[in-house]
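Peer 1: Chains as they are written, first to last, in full-length UniProt numbering: chain A, 1 to 339; chain B, 1 to 339.
Among the hints, a few may not be true.
Simulated crosslink set (DSSO-like; lysine-lysine; CA at most 27 angstroms straight-line) [as the list claims (entries may be wrong)]: (1) A:Lys250 to B:Lys261; (2) B:Lys211 to A:Lys69; (3) B:Lys254 to A:Lys250.
The set of hints was computed from the structure by calculation and includes no laboratory data. All of these numbers come straight from a predicted model, not from anything done at the bench.
Protein chains: 2
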Amino acid sequence: MRQAGRYMAAFREFSDKYPFRMRSETPDIAIELSMQPYRAFKTDGIIFFSDILTPLPGMGIEFDMVKGKGPVIANPVRSVEHLKQLVPLSDPASRLPFIHTILSSLRREADSAGVTLLGFIGTPWTLAAYSMEGKSDKDCKETKKIMMHNPALLHSFLDFLTEQLIVYAGYQIESGAQVIQLFDSWAHHLSPAQFSEFSLPYMERVTRALKAKYPHVPVIVHANGGTGKLELMSNTSADVVGLDWAVDMKDARKQLGAGVKVQGNVDPMILFGPEDKIRAEVERCLLAAGPRGHILNVGHGVVQGTPESAVGVFCEVARQSGALHAKAAANGARQPALV
Amino acid sequence: MRQAGRYMAAFREFSDKYPFRMRSETPDIAIELSMQPYRAFKTDGIIFFSDILTPLPGMGIEFDMVKGKGPVIANPVRSVEHLKQLVPLSDPASRLPFIHTILSSLRREADSAGVTLLGFIGTPWTLAAYSMEGKSDKDCKETKKIMMHNPALLHSFLDFLTEQLIVYAGYQIESGAQVIQLFDSWAHHLSPAQFSEFSLPYMERVTRALKAKYPHVPVIVHANGGTGKLELMSNTSADVVGLDWAVDMKDARKQLGAGVKVQGNVDPMILFGPEDKIRAEVERCLLAAGPRGHILNVGHGVVQGTPESAVGVFCEVARQSGALHAKAAANGARQPALV
C-alpha cells in the first residue's frame, strides 16, 4: 500500500514543488518517486508512482488533485450524451505515452535489483463512481442517485470502463509491469448486493481478460471495506485478495476458502506505536495468516505523519517472517497433539 | 436511526435558528424535535432528540457542535492529570436536569399514543475516542497514539466512562425511556482485536449492569462498521444487535447465531430512489431478515437531503411487513419441499 508516500521527507520535497499530475505524468519525477521507498526500505517490489485516475484524461475525463480535497473532476459524467462523447483508450501509447516511459525504465531498475515491478489500476466501479461523483462524498450521493434512477446508464459506463481498463492494464504489462493490482477503493459505498451487481462482475471481467492474455502475470484485487463481501469474492479469478484491517485474518481465510491467497491486514495506525508494539502486531498478522499464500501489508495506505523509521521496522519484521514461521512450526511440533 | 432529522423541513426551522446544544438541552425544543418524526410518519417508537455526547459536560468535558465539522471538544482528554479532574456523574438529576424533563414529558406522549420511548447512549469506546481526539479524524490519530503508547490511560478512561454511562442510562430509564440503544459509532476505527480489547468488554459491562438492574428494558447495541465483528458480538448480553448496510442480512444472522435479534440494514441512500425501488429494497430486507427477531431500520443515519416522502414510503412498507411475511410463507408452503 502506497507506492510512494507523503510520510517520506524525500517525497514531500517533490510534492511541495510540483502538482500531482505533473509528478505522475513526468517520467523523471515519477521514476524518482517510485524508487524512493525501494531505496529506503529494500522492499521486494517497486510500485510505480501513479494514481487510479491517471488513465481517465486518455478517455476524455479530465481530473485534478486539489490539496485537502483529493481528486476533483470538474465535469462529472452523468448522462448518456456525456458517455457518448468519451473516447475509447484504443491507442494508449499515444494517449498516455509517459506510462510506457516510466514502466519500461522502472523495469530495468527492478531487473537489476532482482525485485518485482507492480502496476495497478482502479476497478470499473471505483472509476465510474469517481467520474460521476466529481469529488469525494461520504454518501456517494450523485452516483447512487443514478444507480437508483438510471441503473442502465451506470451499467453502460461500467461496461465502457471495463473495456478501457483491460487495454490500460495490458499496456502497463507490455510496458514492464509484472503484477497488476486492481483497487476497488470505493467498494465501501456498496452493500453486498450492490457490490454483486455494480462492481464484482466488472472487476472479474477485467481480471479474466488479463489472466487469459497474460497468464503469467499475477493479479491482486483489493476492495476497500470488503469485509462483508469476502464470500462473494471467494470465486475470484484473481490470484490474491487484499484485506483491509476491519476483518480478522482467520475469518477472512475461512470466508475466502483455502485456494485464495491474501494480502494485508495490519492497521496502518500501528506504525505510530513504539517499536516493540509494531513488531508484535506485525508478527501477530504473519502468524494468523500462516506461512503460505500471504503478502504482508498494511490494510490501507500508510497515514501521513507516519515515522519513516516505523516503516523500516515493519519491513525488517517482514524479512524475518521465514524464521518466525519456522519457530512457530517447531513450537507447534513440541506441543502435545491434543492440546 | 435518526431520532429527528435534518431531512425534515420542520426540523430545519429550528436548526437554522438555534445551536445544537441549545436545542438538545432546552426541554420545549427537544420535545418538539423528538415528536416531529412520530407525527409525520406514525412510527412505532419515539426517540428522544439528543446526542451521544450530551452527558459529557456533566462529567467536566465540554463540547460544541460546529457546522460542517461536527462535534468539537476544545480541551481533549489526553493525560492522567486531566482524567483525574473529571467528575463522576453521581447526581445526574442535578447535572443534567433537562434529560428528566424531556424524557418524562415524552413518556406521557408515548403512553397516550400507545408507542414506545427509546433512549440512547454512546459506548465507552466511542465517547473516549471523541474526548481524546477532540474532533472527527479519519484515522482516529490522537486516540490511537495513546492506544499504542499508553493503553493503561485509555483503559482507565474507558473504566471511568463505563461507570458514568451505567448511571446515565439508568437515569434515562428512570426518567421514562423504555428501551436503551448503545451506539458504538466509532467502532469502525478498530480492528477486531482492538474492538475485543477496547470496546466490547466495556459495552458489555454497561449492558450487563442495565440488564441486572432493569431486566424488563430491552438493550440494543449498534457498532458502526461492525461487519467483521459480528462473531465477537454473538455472546452479547444485549437483546438486539444493530447492523450497518455493509453486511448481507443472512450472513449477519449466521454469524450472530439464532438467539440474537437484529436491527437494520437498509442502505440509507435507497431513500433517494424512486418509490418502487424503495419498496423493493425494504421488502428484500424484510424477507432476508425473516418474520421474527428483526427491527426494520436503515443501516446508518438518514442522509441530509433525503425526501421526506421517501421516509413515508419506508414506514408504509414497514407497516405492511406482516402481510408480506404471510404471503412469503404461503408461497413457500406451495413450493415442493425439496426445491
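Peer 1: So, against the hints stated earlier in the document, which numbers end up violated here?
Peer 2: Going through the list in order, the structure violates hint 2 alone and respects the others.
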